[in-house]
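Student: Same order as they appear, the protein sequences are chains A and B. Sequential numbering of the first sequence, starting at 1, is according to this note's numbering. Sequential numbering of the second sequence, starting at 168, is according to this note's numbering.
Calculated directly from the structure, the hints in this document are not laboratory data. Honestly, I wouldn't trust all of these hints.
[Said to hold, decoys possible] Selected chain B positions facing chain A (Cβ under 10 Å, derived; list incomplete):
no., residue
1, Phe211
2, Ala297
3, Leu307
4, Lys310
5, Asn314
For each residue, glycine too, the CB sits at the ideal point set by N, CA and C.
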Amino acid sequence: MTPLTIIGMGSRLCGDDAIGLAILDALQEEAGSDLELIEGGLDALAALESMAGRDQVILVDATRMGLDPGSVRVFMADQVNLQVREDHLSLHGIGLSEALEMGERLGLLPSNLKIIGIQPLSINVGTGLSEPVQAAIPEVLDLIRTERQLQHHMTDAYRGTGGISTA
Amino acid sequence: MTRDLNINVHHLTRVEGHGNIVVNMKEGVLEKAHLNIVEPPRFFEAMIKGRSFHETAIITSRICGICSLGHQMTSLKATEAALGLEISEQTALLRKLLVHGATMQSNLLHAYFLAAPDLLDAPSVFPLIATHKDVVLRALRMKRLANDIGDIVSGRAVHPITPVPGGFTRIPTRGELEAIKQKILDEGIPDCVATVETMKALAGAIPQFERETEYISLKDKEEYGLYNGDIYSSDAGTFPVEEYLSVTNEHVVAHSTSKHARHKRSSYMVGALARWNNNHDQMLPEAQAAAETLGLGAPCINPYMITIAQVVESYHCMLDSVKVIDELLSKGLKDEKPNQSPTRYGRGIASTEVPRGILFHDYTYDNKGNIVSGNCVIPTGQNLANIDDDMVKLVPEMIHKSQAEITHALEMLVRAYDPCISCSVHMLDVTFKED
Chain A
1 MTPLTIIGMG SRLCGDDAIG LAILDALQEE AGSDLELIEG GLDALAALES
51 MAGRDQVILV DATRMGLDPG SVRVFMADQV NLQVREDHLS LHGIGLSEAL
101 EMGERLGLLP SNLKIIGIQP LSINVGTGLS EPVQAAIPEV LDLIRTERQL
151 QHHMTDAYRG TGGISTA
Chain B
168 MTRDLNINVH HLTRVEGHGN IVVNMKEGVL EKAHLNIVEP PRFFEAMIKG
218 RSFHETAIIT SRICGICSLG HQMTSLKATE AALGLEISEQ TALLRKLLVH
268 GATMQSNLLH AYFLAAPDLL DAPSVFPLIA THKDVVLRAL RMKRLANDIG
318 DIVSGRAVHP ITPVPGGFTR IPTRGELEAI KQKILDEGIP DCVATVETMK
368 ALAGAIPQFE RETEYISLKD KEEYGLYNGD IYSSDAGTFP VEEYLSVTNE
418 HVVAHSTSKH ARHKRSSYMV GALARWNNNH DQMLPEAQAA AETLGLGAPC
468 INPYMITIAQ VVESYHCMLD SVKVIDELLS KGLKDEKPNQ SPTRYGRGIA
518 STEVPRGILF HDYTYDNKGN IVSGNCVIPT GQNLANIDDD MVKLVPEMIH
568 KSQAEITHAL EMLVRAYDPC ISCSVHMLDV TFKED
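Build the full structure now, drawing on both the sequences and the hints.
Tutor: Pasting the structure below:
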C-alpha cells in the first residue's frame with residue numbers, strides 16, 4: 001500500500017512557525033509502514049526532494065492566509081496563489097513557495113499533494129506555540145487521520161476486501 | 168565624471184530581517200556604499216544560556232536551515248573543548264564526511280540557483296527550468312546526494328541528533344557507507360565533471376573586478392582544512408583558534424545592526440575564495456585541474472570568482488568523501504558509544520569552515536555542565552565590511568554605466584558572497600484563488 005507521507009516544515013525557535021514540527025511530534029506514536037513522517041524543517045528544497053517520487057504527501061506548515069490565528073485550511077498547491085519570490089540575494093530566500101513552484105515546473109510534485117496551512121498568531125523568536133495554534137492541533141491531526149483512513153479504504157476497495165467506496 | 172547616483176535595493180522584506188544595498192553619489196563623489204543586514208542569529212546566545220551541554224548543539228543546529236550542520240559541528244567541538252571530551256578517530260572521520268556533504272550542498276545550490284541565473288542574464292532560476300531542465304535536475308540530484316550523506320551519517324531524515332558531544336549515538340553500517348560511496352562514484356563525480364563543464368561555459372560572463380584584501384580561513388597541517396585547523400591570515404600567518412577574538416575584532420558600525428569585523432585592514436574575506444587562496448595546494452589534483460579549466464588562479468582577488476571557488480571545492484569534497492569512506496571501511500566500523508564524561512568544566516572555543524566561511528563558537532560551562540555564556544561569530548558578519556569595501560571600489564569603476572547596470576553588478580556582488588540573511592522563518596504566504 002502507498003504510504004502517506006507527512007512533511008512538517010518550520011522552525012522550533014520561532015513561535016508558531018513550529019506547528020509543522022509539533023504535528024510530527026504528535027504523530028510519532030502512529031508512524032508505521034503506512035504513515036511516514038519527515039522533518040522538512042527550514043530546508044524547502046530538501047522537502048521538495050522528499051516529495052519527489054512519492055504519491056501521497058501532506059505538507060504541514062504555518063501559513064499566512066489572512067485568517068484568524070489557529071485557523072486551519074487544507075488546499076492543493078494549485079488552489080492558491082503562492083507568493084513566489086524570484087529575486088533574492090541568498091539561498092535563504094528559497095522557501096516552500098519557491099520549492100513548490102520549482103517542483104511544479106520540473107514535474108516532481110506527487111500526484112496527491114495536499115497542504116495543511118495553519119494561520120499563526122506570532123512567528124517571533126521564542127519557543128512554544130500560541131494558545132490558538134496549540135488549540136488547532138487536534139483539528140490538524142483529525143484531518144491527517146481521515147486522509148490515512150481514506151487511503152486504507154481505497155486500498156481495501158481496490159483489493160476487493162471491503163471498505164467504503166470513494167466513488 | 169560628476170554624477171549623482173542613488174541606489175536603494177530593498178530586496179528582503181521578511182519579517183525579522185532584511186538586507187538593503189544603499190549607494191549614494193553626489194556630484195561624482197561617493198558618499199555611501201554599503202550592504203545593510205539585520206542579522207538575526209544573535210539571539211541564540213541568550214537562548215542557550217542555562218542549557219545543558221546535551222542541548223547546546225541541538226539548539227544551534229536549528230538556528231539555520233542552510234548552515235545547520237556547520238553550526239552543529241562547531242558547537243560540538245566547542246562543547247568538547249570546554250568539557251575535556253576526547254573524540255575517537257572514527258568520530259572525526261564521520262564528521263569530516265558530514266562537513267563534505269554540507270559544503271557540497273550549499274556551494275552547489277549557490278552556484279546553480281543563484282550565480283548561474285546571473286551569468287545567463289536570467290532574473291532567477293525559474294526561467295532556466297524551461298531552457299536548462301537537465302541542469303536544474305542535475306543540481307537537485309547533487310543536492311540529494313549531499314543530503315544522502317547527511318542522512319546516512321547523522322540520521323537527519325528522522326532526527327538530526329545522532330551527532331552528540333563525544334561522538335555519535337548511531338554509527339552507519341558498512342553497507343550504508345558502501346552504498347553511498349558507489350553513488351558518489353556512479354553519479355556524484357560524473358555530475359561534478361558536468362558541473363565544471365557547465366560553469367566553464369558561463370565563466371566568460373563573470374565580471375572582471377579585482378580588489379585585493381586579507382583572506383582568512385582555517386589551515387590544517389595535513390589536509391585541505393574544513394573540519395580542523397588553525398586560523399590563517401594571508402596578511403599575518405597562523406593563529407590558534409583560541410585567539411579568534413584578536414582576529415575578528417567585531418565592532419559596531421552606524422549603518423548596520425550587525426557587527427562588522429576587521430583584522431589587519433579595514434576588512435577581510437572569508438569563505439570559499441579565501442579557503443582557495445590560502446589552501447589551494449592542499450586540494451586534490453583533479454580539483455586543482457578543474458580550477459585551471461575554470462580560470463581560477465591563486466591567489467584570485469576577484470570576489471565574483473567565489474562561485475568558481477565553490478564549484479572547485481565541491482569537486483574536492485566529492486572526491487575526498489570517497490577517501491574518507493575508504494578510510495572508515497578499511498579501519499573497520501566500531502560500534503562506539505559517545506564519550507560524555509566531562510573531565511573538566513570551563514571555556515571551550517572551536518572553529519569549523521562552513522560554506523560561507525570560518526565560524527567560531529565559544530562557550531563557558533559551569534560545573535554542572537550548563538552554559539554560562541556563549542558567543543558565535545558567523546561568516547556573513549565577517550564578510551560585511553569586505554562587501555562594503557568592494558562596493559566602494561566597484562561603483563566609481565562603473566560610473567560610466569547605467570544605474571540599472573550598476574545596481575545589477577552590486578546585487579551580483581552581494582549574491583557572490585551568499586550572505587546568510589535571515590533564515591529563521593520560512594512561512595508560506597498565500598491568497599486563495601477566487602473561483
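Student: Now tell me if each hint is right for this structure.
Tutor: Each hint tested on the structure:
1. Phe211: 7 Å, holds
2. Ala297: At 7 Å from the nearest chain A Cβ, Ala297/B passes the 10 Å test, so the hint holds.
3. Leu307: Constraint on Leu307/B satisfied, holds at 7 Å.
4. Lys310: Where the cut-off is 10 Å and the nearest Cβ of chain A is about 6 Å from Lys310/B, the hint holds.
5. Asn314: 6 Å, holds
Going down the numbered hints, you'll see the structure goes against none, and every one checks out.
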